[in-house]
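Peer 1: Place chain B with the ligands on chain A using the hints.
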Amino acid sequence: MNLLTSLIAVLILTLLALGVSSSAGLTYLLTVVIPYAAFAVFIVGFVYRIVQWAKAPVPFRIPTTCGQEKSLPWIKREALDNPSCLCGVIGRMALEVLLFRSLFRNTTVSMQQKRPIYDSAKWLWFFGLLFHWSLLIIVIRHLRFFIEPIAPWINGLSSVDGFFQSGIPTLYLSDAAVLAGLTFLFLRRVVSPRLRYISIFTDYFSLLLILGAVTTGLLMRHFFPVDLLQVKNLAMGWVTFSPVRAEGVGTLFYIHLCFVFTLMIWFPMSKLMHMGGVFLSPTRNLANNNRMKRHINPWNAPVKVHTYEEYEDDFRDKMKLAGLPVDKE
Amino acid sequence: MSFDHTPKPDELIDVCYDPPKTPWTKTPVDFRPGTWSYPGTPKSLTALGLANPRQWQPTDEDWKLPENWKEIILDGMKERIGKHRSFKLFMDLCVRCGACADKCHFYIGSGDPKNMPVVRAELLRSVYRRYFTQSGRMFGSLAGARDLTVDVLKEWFYYFFQCTECRRCSVFCPYGIDQAEITMLGRELLNLVGLNINWVTEPAANCFRTGNHLGIQPGGVKDMLEFLADDVEDRTGVRVAVPLNKKGAEILFVTPSGDYFADPGTYTCAGYLALFHEIGLDYTFSTYASEGGNFGLFTSHEMIKRLNAKIYAEAKRLGVKWILGGECGHMWRVVQQYMETMNGPTDFLEEPVSPITGTRFENAKSTKMVHISEFTADLIRNGKLKLDPSRNDHLRVTFHDSCNPARAMGLFEEPRYIINNVCNNFHEMAEDTIRENTFCCGGGAGLGNDENMEMRMRGGMPRAMAVKAVKEKYDVNRLACMCAIDRATLTSLMEYWVPGVEVMGVHELVANALIMKGENERTTDLRGEPLKREESK
Ligand code: SF4
Ligand code: SF4
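Respectively, the protein sequence lines represent chains A and B. 868 is the number of the first residue of the first sequence in the working numbering; add one for each residue after it. 4 is the number of the first residue of the second sequence in the working numbering; add one for each residue after it.
Only chain A is shown next, with the shape it has when bound in the complex (with noise of 0.2 Å):
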């Protein structure tokens, strides 16, 4: 139900943009005044969405410990896994947010004669971090129509990216990389009937939009040709905000920037906001330090307890009775 909900919305924003290239009015619209509309969204409500985890307190130091803590200098700790100091937590979040540190643990569940047994299963794993990293160097390939003159850091990315020169134009890795990453994420959330049974509508609408922008992408670029230097011109002069309106670029790249904005728009507002909100985790990027540093909570406020006082008075008798010490006779 949730994917057949996603499929028609994409089908929609397809069709949507199908209309737009046909009308002229509409077209000024998309490459002109949509650009910064979405791009305006995107970074205002990312900052917003930072902003407001970040503006709620942390009242108590809760990381989840993965491995030996600090304690007595003989024996051997896991500095990444059990941070106790702030390098240690830096590294433990590059490992996360970098490699994926948690995902690698994952494991499968199965019955087996009676057993419950714990197959691994890096699969997640590994075309999670596939697709994020290619998509990442997509984004930054992209940087090109954007800067001029290029960036050569930019063109040595590209250069290595399509090392294994096979067919004209370039096949970069990254290509095949995301398409791969994102058609398993995809078909796992479908075949699988426990991911099906967790999956809601955001969850496969994203990683829908994401394939049609890029699909898009890569049809334009392998077998139906745009003009590079018609889309240049449009992205500079988005950049130095003289926009121009984009002479024969085709159908399919109007489709492709109907699909870049709204993920754009989207962004912020879905759980595409992972990508800022897994820097501000407490059970991540938190030190182990409990017992040597004493934690903060900006509203810790006073509680009702029973003093030994009350508790004397309540048992006295009974203390005494028993040998044991009182405070007042």
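It should be emphasised that the hints constitute simulated quantities derived from the structure, not laboratory data. None of the values given here were measured: they were computed from a predicted structure. Glycine included, every Cβ here is placed at the ideal spot set by N, Cα and C. Some hints could be false.
[Claimed, not checked] So the derived list for chain B, only partly shown, Cβ under 7 Å to chain A, looks like this: (1) 217; (2) 221; (3) 368; (4) 465.
[What the hints assert, rightly or not] Label pairs and their computed distance ranges (CB to CB): (5) B:266 <-> A:1167: 23 to 31 Å; (6) B:10 <-> A:1003: 22 to 30 Å; (7) A:874 <-> B:29: 18 to 26 Å.
Peer 2: Leaving out everything else, chain B with the ligands in the frame of chain A:
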């Protein structure tokens, strides 16, 4: 306890992981006997000043909620969103990648999809979306939102009291989303309208008044400890002292009341007494702070603080230098992650230094509370104990990492170091089931009661099966652990799944091996069971 109403192990193990046809949003809860806990009694709620004390049962149609229950819950959510970054973040961040789904022992043992941590969280998240996010308000179920109804509340009650706050899911989540945190906040919300379980509220109420969960009064604590001292004398011939409420002692010793009141915890407690006597430790127990465990952790953050306050207050009153804590799981979650933040600062205490070895416990320099396994490992390392590990030769031991010391501290090596020094037959369970991957006993967080037996046995199944494997392979007959709840719950779990394996604390092993000055020749262990060499003679 009895398993009369629990299906046989052979039936219970038939778990099916295929999700049902109906989506979880359209599956109402079924309060099946054996899978839920009795609600808190009016008496304990009143004693703690909790909301809406009344008689009710989860199977009742009418839960006698306050008129404006919905408003109370939503206001409560709003307040907590503003007070806990974790709450807001964990509500927003989940991408439903499913990495946590099959990591929960309750899911593995029951196959109930709502026991997947991700769905357990969605129970609350869907309501959060509906009332606290724009998209949820506008798009409703399309955005994964749903209305807060009495049925939803019932579902929360059932599933938040079917989570032992073990944090295993959080180890695997790429964003560290911790269902234990969500359960804690969810239970806090439920408490606002008087929904809680008696196995939590009664110990908490007892603890508040008498200082310990079991409601033992000062004389009773003394009697129990004296009784254990008699036991030690019977087994070893050495009379050990039981210092209580002693002003000016160097160290305050705090341990869960289960240790001195219920088998097999008592043997662990006897182990502490023997050890402290042997090294001549200047310490004291307290009757006022006679509980290390803290059932506030299973109620609300406020309740944690209310119960925990006694430990520092008593340390101050008695004028001790620092605090030593016994073997307990959730007690150590509180000590490590909440105590000083809530009830510090600790300027009236000194940085802990072992009076026997001179070691400074740098890692506890601020909270000033040392874990007994750190303390004992340091003693052994410095050669301060005379040990005869062969006295444990009749035991083939495996070790269960308790959830909280594992995933809220990272206390892995100390107990292993101790065990390896005091016994000769130690066999680890499979890697997926120990250390940070450890499986819960199935009865933590207040769920270790008899009426919830089926769910406990289901939740404990992954742990039990791992024990069973080492039993078959190495003939293991003892399951050591460092947690008072474990010592109670694992005992039933073993009886049900792996008969022949008994449960013990690490310090029981220590005391078995400890050569004491002036002792008689030992023929039995602390339990009075004959030592191996006796058999061979
Ligand atoms: S592992 Fe984390 S992100 Fe993935 S489904 Fe579970 S809670 Fe959500
Ligand atoms: S904290 Fe433990 S019991 Fe609760 S959902 Fe996570 S794995 Fe399950």
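Peer 1: Look at each hint and say if it fits the structure.
Peer 2: Tested hints:
no., hint, verdict
1, 217, "violated, 15 Å"
2, 221, "holds, 5 Å"
3, 368, "holds, 6 Å"
4, 465, "holds, 5 Å"
5, B:266 <-> A:1167: 23 to 31 Å, "violated, 39 Å"
6, B:10 <-> A:1003: 22 to 30 Å, "violated, 51 Å"
7, A:874 <-> B:29: 18 to 26 Å, "holds, 22 Å"
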